[in-house]
Structures are given as C-alpha cells and as structure tokens.
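**Student:** Chains as they are written, first to last, in my numbering: chain S, 1 to 296; chain L, 1 to 308.
Simulated from the structure, these hints should not be mistaken for lab results. Among the hints, erroneous ones may be present.
To be verified - Going by beta-carbon spacing under 8 Å, a handful of chain S positions derived as facing chain L:
hint, residue
1, A20
2, R38
3, G112
4, R135
5, V137
6, I140
7, L289
All figures in this text were calculated on a predicted structure; none of them were measured in a lab. Glycine included, each C-beta is placed from N, C-alpha and C at the ideal position.
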Amino acid sequence: MTQLTQSTQSSAHTAIEQEALRSKRRAMARKIIFGTLRYLLILLVVVIFMFPVVWMALAAFQRQIDIISPGWGFEPTLRNFENVFGEYNFLRFMWNSFVVATFSTLLSLLLGLPGAYAIARFHYDWLGMVLLAARIVPGITFLVPWYILFSRIGLNGTYEALILSHMLVSMPFIVWVMVPFFEGLPVEIEESARIDGATMLGTFVRIALPLAVPAIVTATIMSFIFSWNNFMFSLVLSGDDTRTLPVAIFNFMTYASIDWGGLMAAAVLITLPVLIITIFMQRYIVSGLTAGAVKG
Amino acid sequence: MTTLTATRTRFRLDHRFRRRFYRLSFILPAVIFVVVMMAFPVVYNGWLSFHEWTGSARRDPVYVGTENYTELVTESDRFFPAVQRTFLFTAVAVSLELVFGIGIALLLRDAFPGHNIIKTMILLPMVATPVAISMAWLLMLEPTIGVFNKILRDIGLTPQPFLGSQDQALWVLMAVDIWQWTPMMAMITLAGLLSLPDEPYEAALVDGATAVRSFIHITLPLLVPTLLTAVLLRSIEALKTFDIIYTMTRGGPGFSTETLNTLAYVRAFEYFRLGQASALLVVFFVIVLGVSVIFVQMRRAVSVRQAQ
Numbered sequence: 001m002t003q004l005t006q007s008t009q010s011s012a013h014t015a016i017e018q019e020a021l022r023s024k025r026r027a028m029a030r031k032i033i034f035g036t037l038r039y040l041l042i043l044l045v046v047v048i049f050m051f052p053v054v055w056m057a058l059a060a061f062q063r064q065i066d067i068i069s070p071g072w073g074f075e076p077t078l079r080n081f082e083n084v085f086g087e088y089n090f091l092r093f094m095w096n097s098f099v100v101a102t103f104s105t106l107l108s109l110l111l112g113l114p115g116a117y118a119i120a121r122f123h124y125d126w127l128g129m130v131l132l133a134a135r136i137v138p139g140i141t142f143l144v145p146w147y148i149l150f151s152r153i154g155l156n157g158t159y160e161a162l163i164l165s166h167m168l169v170s171m172p173f174i175v176w177v178m179v180p181f182f183e184g185l186p187v188e189i190e191e192s193a194r195i196d197g198a199t200m201l202g203t204f205v206r207i208a209l210p211l212a213v214p215a216i217v218t219a220t221i222m223s224f225i226f227s228w229n230n231f232m233f234s235l236v237l238s239g240d241d242t243r244t245l246p247v248a249i250f251n252f253m254t255y256a257s258i259d260w261g262g263l264m265a266a267a268v269l270i271t272l273p274v275l276i277i278t279i280f281m282q283r284y285i286v287s288g289l290t291a292g293a294v295k296g
Numbered sequence: 001m002t003t004l005t006a007t008r009t010r011f012r013l014d015h016r017f018r019r020r021f022y023r024l025s026f027i028l029p030a031v032i033f034v035v036v037m038m039a040f041p042v043v044y045n046g047w048l049s050f051h052e053w054t055g056s057a058r059r060d061p062v063y064v065g066t067e068n069y070t071e072l073v074t075e076s077d078r079f080f081p082a083v084q085r086t087f088l089f090t091a092v093a094v095s096l097e098l099v100f101g102i103g104i105a106l107l108l109r110d111a112f113p114g115h116n117i118i119k120t121m122i123l124l125p126m127v128a129t130p131v132a133i134s135m136a137w138l139l140m141l142e143p144t145i146g147v148f149n150k151i152l153r154d155i156g157l158t159p160q161p162f163l164g165s166q167d168q169a170l171w172v173l174m175a176v177d178i179w180q181w182t183p184m185m186a187m188i189t190l191a192g193l194l195s196l197p198d199e200p201y202e203a204a205l206v207d208g209a210t211a212v213r214s215f216i217h218i219t220l221p222l223l224v225p226t227l228l229t230a231v232l233l234r235s236i237e238a239l240k241t242f243d244i245i246y247t248m249t250r251g252g253p254g255f256s257t258e259t260l261n262t263l264a265y266v267r268a269f270e271y272f273r274l275g276q277a278s279a280l281l282v283v284f285f286v287i288v289l290g291v292s293v294i295f296v297q298m299r300r301a302v303s304v305r306q307a308q
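Work out the full structure: start from the sequences and follow the hints.
**Tutor:** Given below as structure tokens:
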C-alpha cells in the first residue's frame, strides 16, 4: 500500500520533471532558431549596406576591359590610382578639400563654441532659434545671393568663399550639439570659479571647454565630414584652382566616355579619410548623428 | 553719504552694462556671421523674387512685381510636377527608412559579439561622400555593364533600364536615398530603445505579454517622440535632396526626376534666371518650413499627451 502510493507519487514527479525538461528544451530550440534568424538578418543588413562600397572598391582595382566585360573575374591593377594622381592631378583637389574642411571647421568652432555657451548660460534663445533656422532653410536659398555678392567683391572661386559657405552648415550644427551639452554641465563649478575671481572668459576656457571635450570632438568630426562631403556649395563657388574633391569627381564623370576604373579609384580616395575617421571615432559619430533626436 | 550712494549706483549700472556687453561679446561673432551669411541672403532672395535679372553686372535687376510667382503657378509643365515629385520622394523614402530603421534597431538592440564592428559598417552609407556613393550606384545601375543587370541576365530575367527610364528613375533614386539614410533612422531608434526604462517590460513579462504585443503596446508608444524627431530631421533633408539626384540624373531623363531643389538650381545656375529662381526658392522655403512646423506641432502634442 505504502509502496504503491510511493511509486505513483514518484511517477507523477518524473512526469512533471519531464514536462519541465521538455518545455525547457522547446524554449532552448526557439532561442536557437530566433538567434540564428537574427544573425542571418544582421548579415543580410550588413551585406546590403556594404555592397555598393565594396563594389566601388573592387572596381577601383579593375581595368576598363574587366569592368566592361560580361564575366565576373578580373586581374587586379593599380593603374587607376596612378592615373588619378598622375593624369587627373587629384592631390591638388584633395589639398583643396582638406584646406576648406579644416578652416571651416576651426572657424565654426571659434564662433560656435562661445555662441553655444552663451545660449546655454545666458539664455540667448533667439540666437538658438535663428541658428536652428539654418538647418531648415534650403541651402540653395543662400547660394544665389552669395554667388552675386561674392562675384561683386571678387571672392568667387576663392578658398574664402568656400570656407564661409561651408561654415553655414557646420556652425549651426556645432551649436546644435553643444547647447544641450553645456546646459547639462553643473553650474556650481563655474559659479565657484567665478567667486574665486575667474573672469567669464576664463571660466569658459578653463572650466566649461575642458569638460565639454567629448561633445567638441563630435562637433569637430561631424563638421569636418560635412565640409569634406559638401557638393552643392562647392559646385557653384569653387574655381579651377580651388575645386574640391566632390566637384572634381563630378566633372571627371561628365567626360564623353567614362573611365569607370579611374572614377571608382577617385571615389575610393575621397571616401577613405571618412572611412578611417568612422572606424576610430564611431562612438562620436553616432552621438553626432543622433544629437537632438533622443530626449531632445 | 548721498555722493557715495550715487557712485555706488553708477558703479552698479556701469558694472551691469559691462557684464551685459561682456556676455554679448560671446555671441557677437556668431551673430555677425548669421546676419551677413544668413539673414542678408534670405532677405535679398525675397527682394530678388520680385525682379528679373540674369546676374549681369551691366544690367541692374528690373522690378516685375509678382510676375515670377504667377509664372510659377501658370507654368504647369515643370513646377507642379517638381512639387509633386519632391513630396513623393520624401514620403516614400522617409517612411521606408523609418520602417527599415526600426527593424534594424530591434535586430541590434541586444549586444552581441562584434556589434560595434557591425554598427561601424552600417554607418558607412551616411558618412561616405554622397557624390562618391552616386558614382558607385551609377556603375552598378549601368544598363549594359552594371552588376544588377549582370545578375538579372545570369538568372535569366530581363535587364532593366533603371536610370535610363522615365518610369523607373525616380524610384531608383528613392532606393539610393533609402540605402543612404536608413542607417540614421536605425541609429536614432537604437539610441531611443536603449534609453527606455525597464519597468514596463518587467510588468508586461509578469502579465505574460508576448514579444510582439509588448513591442506594439509599450516600445512603440514610448518611442514616438524620438521617432517623430527623427522623421522631422530626415524629412527636412529629404525635401532638399540634391547631391544624389543632380549627380546621377541631373533631373532627367526628360524631367522625370526633377525636384524643387534641382529645378531651382537649374533655373539659377544653368539658365541664370535669377528672379524666377528666387521666387521658386521662396516657395520651396515655405514648403520646408510648413512641413517642419507640422512635425514640431505633432511632437509637442504627443509629449503633452504622454505627460498627462
């Protein structure tokens, strides 16, 4: 009798255990299936987003015959890069792009950082609104008056014209990134520095700026990239001596027969600096691109 | 005694004035830049929209009243189609970017080995130079030598004209824009997802809600403000899309990919009809501003409702 109860009890016990084990296994199986599916989808996403860039890089190492031929194979060559530097004088355009991006970024920081600090600390909200408007007004609206103004004062085709125009994109962006950051810094540190006799400028330079370094890095990288990539302003305002890379590549394409290998080599060269910056500064770029959208 | 108070008051006034001036000096350079480079052009653009001018130094602009505007409205063959295309382009591109962006953000939410490398790879389309990207797509889309038609031929399908066709070109450009900007939507959504509180999910788990239900009823509503801002930022940019359109099709074939931005560019810098271009730009600006205001109002309404 007692034996019987014991055995029923134990069999019921094992049944429950087995059921638990089975549902655990099912959960495991589901987890594995969903996990695999997730990785497959991630792989698909990466392939889609990388493919054009990879294809561009591959074509840069191909001869025109291989690009045109219906087959898939090719013999790698460096000829396209030699042509781009030798025949098409790309170093010159790279230098132009570099000069314009560097100066427009530095000047934008010089104007934008104190401006953003003043907006955050002294509540010049109207200036913030005006700078925000720069992000809304289509850039081409500025381009017609600039073109006329710059022609009148002989600035068309100069570095100055390009730098000033690129600053219109980067300075508002810098303010956009910096204002929330300065607002988030504790006022107390700055106040105690003021009590200790520091000037307003001293407080800004010695206390606020060092604390804001991460945001400044973001703002600097992004405005450099914006300028490096800018096409429309440079298309109108650059001259033969100041032509930047995007415009040079565009002109390169409009020749009668397209040298695809050379074109792709040029495209690789213009993308490379941005790619390198992205690899090492990914965190800062993400925070720059998502600035203002999350908890804004 | 009185002189002392007077000096003190004067000192205080002086001090206050100096303080104000000091503060103003922080933003003065930025303000001068804004006035010269932004305010002046906008005002000048408005003024020029009532004039006829080719940009010649010898002939001054001629006042023509509202003629440039009436010309836009009566000219139905290029202006209205461009307006329509601008909106279609923006609506299709931004909504698909939003859907794909949310999907990708959900895929990447839980950290996994190598997720940083993956994120860097996905960032590439939007940081790469648009002109370079356009060139790569032009090569891939080339009807005879492009990789897409190569693949189509290899698997026995009909090759497509892509950018050579008036019916396909605009959609192909949308696809390129989606490729370029979905990552931004994904990054913003991901940042939004990671900043969500845990409590609602724990409660949902206790209630036995499925993953899909908790996404629709908890995640999505909490994300709405972030998503609206992302859509606002993207829509403003999409309305103004220039680089990929101008470099890949120049508004063609025919005028089948001409948007307000490329039309204004052509008017101003290829035809040198500066007055007409300015009128177009005023209209363009009003449209972009209108769309922005609508989104800002929507976002405000949502945050007010959520606060209640």
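**Student:** Now, for every hint given, state plainly whether the structure supports it.
**Tutor:** Tested hints:
Violation of the interface hint for A20/S is found here, the shortest Cβ-Cβ separation to chain L being roughly 18 Å, above the 8 Å cut-off. Interface hint at R38/S: satisfied, since its Cβ lies 6 Å from the closest Cβ of chain L, which is below the 8 Å cut-off. Taken as an interface hint, G112/S checks out: its beta carbon lies about 7 Å from the nearest beta carbon of chain L, inside 8 Å. Checking R135/S against chain L by beta carbon gives a least distance of about 7 Å; that is within 8 Å, so the hint holds.
At its closest, the beta carbon of V137/S sits 6 Å from a beta carbon of chain L; the interface hint therefore holds under the 8 Å criterion. Checking I140/S against chain L: minimum C-beta separation of about 5 Å stays under 8 Å; hint holds. A hinted interface residue such as L289/S counts as satisfied when its beta carbon comes closer than 8 Å to some beta carbon of chain L; here the least separation is about 6 Å, so the hint holds.
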